[in-house]
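Single-letter residue listing:
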Amino acid sequence: MKANFIKGSCRVTALLMLLFSLAIHGDQDVSTQPLFMTAITNLKQGSMTEREQAINQLAENGGASLVILQALLDGQLFTLKTDMRLVIGVDNNQGYDVRDALTGESLGAMDRSTVNKINLTNKLRVSLRRTIGQLQLTVEDPAIRLAAVKAMGNEDDESALNLLKARLDLEKDPKVKQAIEVVFLLKDMNSSDKALRMKAIDALKAQNSLDVVNRLNVMVEKDEAGNFTEADADVRNAAKAALININTRLQLYSSAETIFFGLSLGAVLVLAAIGLAITFGVMGVINMAHGELMMLGAYTTYVMQQLLPNHLGISVLLSIPVAFVISAAVGIAIERGIIRFLYGRPLETLLATFGVSLILQQSVRSIFSPLNRSVATPEWMSGSLQINDFLSLTWNRFYILVFCLIVFLLLLQILKRTRLGLEVRAVAQNRNMAKAMGIPTSRVDAMTFGLGSGIAGVAGVALSQITNVGPNLGQAYIVDSFMVVVFGGVGNLWGTLVAGFILGIANKFLEPFAGAVLAKILVLIFIILFIQKRPRGLFPQKGRAADS
Amino acid sequence: MKLITLGADKIATSVLLALGVVSFVIPFCNLVLPADSALHFSAYTVSLIGKYLTFALLGLSLDLVWGYCGILALGQGAFFALGGYAMGMYLMRQIGTRGVYGDPLLPDFMVFLNWKELPWYWLGFDQFWFALLMVVLVPGVLAFVFGWLAFRSRVTGVYLSIITQALTYALLLAFFRNEMGFGGNNGLTDFKELLGFNIQSEDLRAVLLGVTGITLMATFIVSRWVVNTKLGRVVTAIRDQESRVRFLGYRVEMYKLWIFVFAAMIAGVAGALYVPQVGIINPSEFSPLNSLEIVIWVAMGGRGTLYGAIIGAVLVNFSKTILTGLLPEIWLFSLGAIFVFVTVFLPDGIVGLMRRKLQERAA
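Protein chains in written order, with the working numbering: chain A, 1 to 548; chain B, 1 to 363.
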């Protein structure tokens, strides 16, 4: 459970580091204050009593000292033997990665023999821990306060409880306040007063906390001797009822999580399928090389990261337009070079584009090697958003969902509002009539194919963030994306969106009891049967155009 | 188009002749002549040619549905693999106690997975006649159910192509699962004997080649007869103008279903002949790429001719053997190039080219 908390608060920790490095960098005047400097000097070379005073003085300085104090507690605070500089060193197995404790300036790796550790007595360590807790409770950021409350709640320490009690009245943030209340209610559960226990259970059953679930589970269990750990039957029943109450919510949250996973899988499917839907819907052309165009997009991300190794986030963002242009160019080349000779022969187009897909695959294999390439994920996309103990959403999935919706809306606007979109729709409805009205259909075809292919490239950028980038990337998605297009109904972007999300969610709901592979098979069989019932998909095209 | 009889078509005759030579002469040489004779073919060559002929049979089956009925089935490989698995199951049961674990009843992979008894669908496969029945019945029934659903609701064109691809993809995923009881990832292999003969022996290989060649010739002649009957004529008419045939009062879906099931059974037989000659069957045979490759054999040879499929299958696979041996990197490039080149420049395939040459000479 502690591990769970630590995992969840990774982002918090990262944030914390950032915050304090900023505080130290920005607040240069802190280090020039004479009191602060005396405290630092005392910390470095004073006696244990002076050290304790120094700690208290630093504590009065507020958040800016927190990094130094925390390092002191973790045994990471050192002085350099050469010039007595105060530094923080993180063990890297061979020595220490050292940075200046006051300025945060990195001093590189150092040998163990070049630094002196600042030692603490056990008594000092206890008081330091309390001081740090106290400091953390007063920090601006509620996320840090919340983490501090949870950490202190897990310690069975009277002084920590006193700190929390003092904080309870001052606390403004409802989440932090609630967390403090939970800590005290959990303590009440151990009380010998039955009424107090009952009251605590009653109050706790509304909480979404794993601590509460664990505590309640202990109450209804028997110990090794076969006696209930909670002797009173009333309290036990109340605990059972509370557990049922919480479990119902737990299931609700887990369904919410499944829906989120389903939506994010659906988003991937929609991204993969939407370019296909355009070319298929407008031109009646099955582009089997669509998956490989996505692969090109993913490799573009890889190359961009190689070119800009120090700017992960920017390189990913830059990859989006670059991948669009590259894939669109390849797509237009395919259209002009091959497909244009095969109009009216959809089955032949399918075969020819499949040939292209083999060639693209092998080219990538020859250029980049058949092995998977690793594409790094920028920091703002890793980790997860912890909503409560029961529900956390991973950022990369979340961003892909958002990205998918942006791409979808953008495409919808292009088709709805631009001249190209108008022409594309006209050609899709009735090619001959459009031609008679003076629309250059062959130019529109090329542009449509370019647009569809470009979106495949953009989808590839998104895929590079959640899956392995290798020559087989496209093949893995091609059958799925065809399913989405066919299920949704050809020539209908909304159909593709709805179909993608339905298939994604269905897949994720089937997975827990059918297993990932069987779930996929079931979905495939469902689509095969669905096509029998509605051969033209969920949202079929209406009117005479549909028959041609 | 004028009704072409068997003898009148020069290419058909020469293909049949070549097949006759291969399927009688090679086994004869290997069985009768001593091993050091110049006309004695190596076991490798015999198996390789045998493999080509099973592919030719598979190509022929696809040509029936695609070339004659216009259904671009991207799942023909699934029927091939199912036939192969039926044969593989028989061969597994023949291993008996000679497996690594020496279990008299259970194949090795089941012992390995701690299975206690044989699943019901493995029962009967110790009988050769039962296995042969399943070789045609399993693909036939699957094709019947799938085709009945698809053709009745008038799923056509690319939609049909894509759901046939989904079918083989679903089977691929299913057969990869260990729980299915078909050996999962590794499939069925390590066969010992077929009808009491050592499966590794050169004599059996030669016989298998002969059997494959004769089956191919017989299927070719029967199919050629079928496409020239009234039934075959209706099927061809459906390819060219489906709605017109329907308006004339024919039940289009029944004709389609008939040809689809017939072709699936042929593909099953091809699979059954393939497995003993290569000694393994695994789920990769279900992969959509394999089924697409079949399409390119037929397209390359020339569809709607039957012998074109045979020529295409042998040619493409021969070049595959050569290229993957010499320059493995080049193979996918050339396969891709063949796809593009044939569809754009050679819509009638090699056979179309040959026919044109023959006509020019005659004129």
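Calculated from the structure, these hints are not laboratory results.
From a predicted model like this one, the values you see are computed outputs, not experimental measurements.
Any given hint could be a false lead.
[Stated by the list, open to error] Beta-carbon label-pair distances, calculated as ranges:
1) B:L315 x A:G337: 53 to 59 Å
2) B:R244 x A:Q413: 40 to 46 Å
3) B:L315 x A:L405: 46 to 52 Å
4) A:Q413 x B:S319: 47 to 53 Å
5) B:R177 x A:I387: 34 to 40 Å
6) B:I221 x A:G337: 37 to 43 Å
7) A:S363 x B:L315: 22 to 28 Å
8) B:N228 x A:L405: 54 to 60 Å
9) A:R112 x B:L113: 32 to 38 Å
10) A:N237 x B:L113: 43 to 49 Å
11) B:L326 x A:L405: 36 to 42 Å
12) B:R244 x A:S374: 55 to 61 Å
13) B:S319 x A:F509: 46 to 52 Å
[Said to hold, decoys possible] From chain A, some residues computed to sit far from chain B (all C-beta separations above 10 Å):
14) S47
15) G104
16) K533
We treat Cβ as the ideally placed atom computed from N, Cα and C, and that holds for glycine.
Hints and how they fare:
Restraint check, L315 of chain B to G337 of chain A: a C-beta distance of roughly 25 Å breaks the suggested window 53 to 59 Å. About 43 Å separates the C-beta atoms of R244 of chain B and Q413 of chain A, a value consistent with the hinted range of 40 to 46 Å. Between L315 of chain B and L405 of chain A the Cβ separation comes to about 50 Å, which falls inside the hinted range of 46 to 52 Å. Between Q413 of chain A and S319 of chain B the CB atoms are about 49 Å apart, so this pair conforms to the stated range of 47 to 53 Å.
Hint check: R177 of chain B to I387 of chain A, Cβ distance near 35 Å, so the stated range 34 to 40 Å holds. About 42 Å separates the C-beta atoms of I221 of chain B and G337 of chain A, a value consistent with the hinted range of 37 to 43 Å. Between S363 of chain A and L315 of chain B the beta carbons are some 25 Å apart, a value that agrees with the proposed interval 22 to 28 Å. Look at N228 of chain B against L405 of chain A: about 57 Å separates their beta carbons, and that is inside 54 to 60 Å.
Taking 32 to 38 Å as the suggested C-beta distance range, the pair R112 of chain A and L113 of chain B does not conform, at roughly 53 Å. The hinted range of 43 to 49 Å is satisfied by N237 of chain A and L113 of chain B, whose Cβ atoms lie roughly 46 Å apart. For the pair L326 of chain B and L405 of chain A, the beta carbons lie near 50 Å from each other, so the given range of 36 to 42 Å is not met. Our hint of 55 to 61 Å for R244 of chain B and S374 of chain A holds, since their Cβ atoms are close to 57 Å apart.
Our hint of 46 to 52 Å for S319 of chain B and F509 of chain A holds, since their Cβ atoms are close to 47 Å apart. Consistency note on S47 of chain A: stated as away from chain B, and its beta-carbon is indeed over 10 Å from all of that chain's, at 69 Å minimum. The claim that G104 of chain A is not at the interface with chain B holds, since no C-beta of that chain comes within 10 Å of its own (minimum 52 Å). Chain B draws K533 of chain A into its interface by the beta-carbon criterion, the shortest separation being 7 Å against a cut-off of 10 Å.
Hints 1, 9, 11, 16, counting from the list given before, are not met by this structure.
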